[in-house]
Amino acid sequence: MIAQLVGMGFHGVAVAMVVLGYRQLKGLATAPLPEDPKGAKFRQLVGATRLMIMASLVFFVGGVGAQVLSATPKPTTVEIHLSPALLPNGVQPPSVMAGTSQVQFDANGFALMTVRPGSSVSVVLDYLLKNLVALRAEADASRHGSQLAAGGFDDDL
Amino acid sequence: MTTSDARRAGGLMVAMALAFFVGVALAAPDKFGEDVPEEAQRQLNRARSLRHAGHYDRAIAILREILAQTPDYYRAHYHLGLTLAESGKLDEALAAFGQAARMKDRKGIKDATLYNAIGWTHFLQGDYEQADAWLERAVRSNEPASREARARAFDNLGIVAMRQGKLSEANAAFRQALALGSEGARGNLAILGKAQAAYQSISKK
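Here the protein sequences line up with chains H and Y, keeping their order.
Numbers 98 to 254, taken from the numbering used here, label the letters of the first sequence in order.
Numbers 17 to 221, taken from the numbering used here, label the letters of the second sequence in order.
Hints were generated in silico from the structure; no laboratory data involved.
Remember, predicted model here, so these are calculated numbers, not experimental data.
For glycine and all other residues, C-beta sits at the position ideal for the given N, C-alpha and C.
Possibly wrong hints are sitting among the right ones.
In silico EDC-like pairs for lysine to aspartate or glutamate, Cα to Cα no more than 16 Å straight-line [said to hold, decoys possible]: (1) K126/Y to E159/Y; (2) K47/Y to D253/H; (3) K210/Y to D253/H; (4) K210/Y to E235/H; (5) K123/Y to D73/Y; (6) K120/Y to D88/Y; (7) K47/Y to D252/H; (8) K123/Y to E159/Y; (9) K47/Y to E159/Y; (10) K47/Y to D127/Y; (11) K123/Y to E50/Y; (12) K220/Y to D223/H; (13) K120/Y to E159/Y; (14) K105/Y to D73/Y; (15) K120/Y to D73/Y.
Across the chosen pairs, the derived CB separations fall in these ranges [as the list claims (entries may be wrong)]: (16) M194/H to R80/Y: 16 to 26 Å; (17) A149/Y to M194/H: 46 to 56 Å; (18) G49/Y to D237/H: 46 to 56 Å; (19) G162/H to S184/Y: 53 to 63 Å; (20) M194/H to K123/Y: 31 to 41 Å; (21) V221/H to A206/Y: 41 to 51 Å; (22) H241/H to G49/Y: 44 to 54 Å; (23) G104/Y to L232/H: 50 to 60 Å; (24) G124/Y to H241/H: 42 to 52 Å; (25) V221/H to D73/Y: 16 to 26 Å; (26) G104/H to S219/Y: 39 to 49 Å.
Not everything, but these chain Y residues come out facing chain H in the computed CB check (under 10 Å) [stated by the list, open to error]: (27) H68; (28) G97; (29) E164; (30) G174; (31) G181; (32) A195; (33) E199.
Based on the provided sequences and hints, a complete structural model is requested.
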């Protein structure tokens, strides 16, 4: 039983110490009175019991501390994937920011993103924005009778 | 193609075949030093005029006949590609330009304008990535091309970059075109300037 309690960590060790201390006290209470006029043996047993109780207190405090530390939030790992094959020809995939770091996608469009609680994930569509403003500028120019002058083909070959 | 066009093209093919055999002896170096019958060169110019007039089918028939007689003729492949592209047959145009590229490599012809033609055809197909790659090749190539041809390639590159949302790259390309004397580059830069201003104003918010 003691071995099982110790296997449970700090709290287990603390309980084990209490159990051992109890057993020791019980042994002390039930044992025949020693013929020890100076009480040396008695003091030794009481001292050991006191140590057991102190040790169990130390382990209990350690157990509580470990529990507090283990309750600190750990980074949450989220696996995402983006398939460039689904994007139209020539369209760049958006850049994804996990907090302040940019997520790197592999050639197959897969990426592993680590996001800490409280931080944000942002999808940056800078390319799309630029594309839209360019198309709008072209459309505005067209309304005013002008358009992009393409070079086109070379005819003088 | 109408019946009269077909008849005319048929007659033309016969006349050209005859002229070809007569004209073999009259072969003369073409623009790129190709030893091509003078008749083929004359017919190529005729096809070009027909293309300018919008008679694409007749121009294509002439160019195909020229190539039947002189399959290695680089400029004929190029003009066939051009005519097919202008008539909207973009896949066939790319095939013709591909043939031109093979002739070019085989004969060691130095000419950067073909890359612009291939790039622009890809652009017309909506394949901006390929267009970008070929136009980059056109402007970076050390092979000879006229100043106008280089300016044209830069203008095209700028438009492809704009369509891809690459505003800075478009700006650089249009500036290069302007430096080479492109008439349209100034207007292109004005339109692009508005796009860049709009982007700046949105991204500041």
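Hints and how they fare:
1. K126/Y to E159/Y: Measuring from Cα to Cα gives roughly 5 Å; hence the hint holds.
2. K47/Y to D253/H: Satisfied, since the Cα-Cα distance of roughly 11 Å is no more than 16 Å.
3. K210/Y to D253/H: 33 Å, violated
4. K210/Y to E235/H: Holds, because 9 Å separates the two Cα atoms, which is no more than 16 Å.
5. K123/Y to D73/Y: 29 Å, violated
6. K120/Y to D88/Y: Holds - the C-alpha atoms of D88/Y and K120/Y are around 9 Å apart, at most 16 Å.
7. K47/Y to D252/H: 13 Å, holds
8. K123/Y to E159/Y: 14 Å, holds
9. K47/Y to E159/Y: At roughly 15 Å apart (the allowed maximum being 16 Å), E159/Y and K47/Y satisfy the hint.
10. K47/Y to D127/Y: 11 Å, holds
11. K123/Y to E50/Y: 8 Å, holds
12. K220/Y to D223/H: 13 Å, holds
13. K120/Y to E159/Y: OK: K120/Y and E159/Y at ~12 Å, within 16 Å.
14. K105/Y to D73/Y: The hint holds at about 11 Å.
15. K120/Y to D73/Y: 25 Å, violated
16. M194/H to R80/Y: 16 to 26 Å: 55 Å, violated
17. A149/Y to M194/H: 46 to 56 Å: Since A149/Y and M194/H have Cβ atoms about 29 Å apart, the given range 46 to 56 Å is violated.
18. G49/Y to D237/H: 46 to 56 Å: 48 Å, holds
19. G162/H to S184/Y: 53 to 63 Å: For G162/H and S184/Y the Cβ distance comes to about 56 Å; the hint holds.
20. M194/H to K123/Y: 31 to 41 Å: Between M194/H and K123/Y, where Cβ atoms are some 52 Å apart, the hint is violated.
21. V221/H to A206/Y: 41 to 51 Å: 28 Å, violated
22. H241/H to G49/Y: 44 to 54 Å: With Cβ atoms ~47 Å apart, the hint holds.
23. G104/Y to L232/H: 50 to 60 Å: 23 Å Cβ-Cβ, so the 50 to 60 Å window is violated.
24. G124/Y to H241/H: 42 to 52 Å: 48 Å, holds
25. V221/H to D73/Y: 16 to 26 Å: 50 Å, violated
26. G104/H to S219/Y: 39 to 49 Å: 59 Å, violated
27. H68: Since the shortest Cβ distance to chain H is 8 Å, the answer is holds.
28. G97: 9 Å, holds
29. E164: Where the cut-off is 10 Å and the nearest Cβ of chain H is about 8 Å from E164/Y, the hint holds.
30. G174: This interface hint holds because 8 Å falls under the 10 Å limit.
31. G181: Interface hint status for G181/Y: holds (3 Å vs cutoff 10 Å).
32. A195: 14 Å, violated
33. E199: Hint holds; E199/Y Cβ to chain H Cβ min 7 Å, cut 10 Å.
Going through the hint list in order, the structure does not satisfy hints 3, 5, 15, 16, 17, 20, 21, 23, 25, 26, 32.
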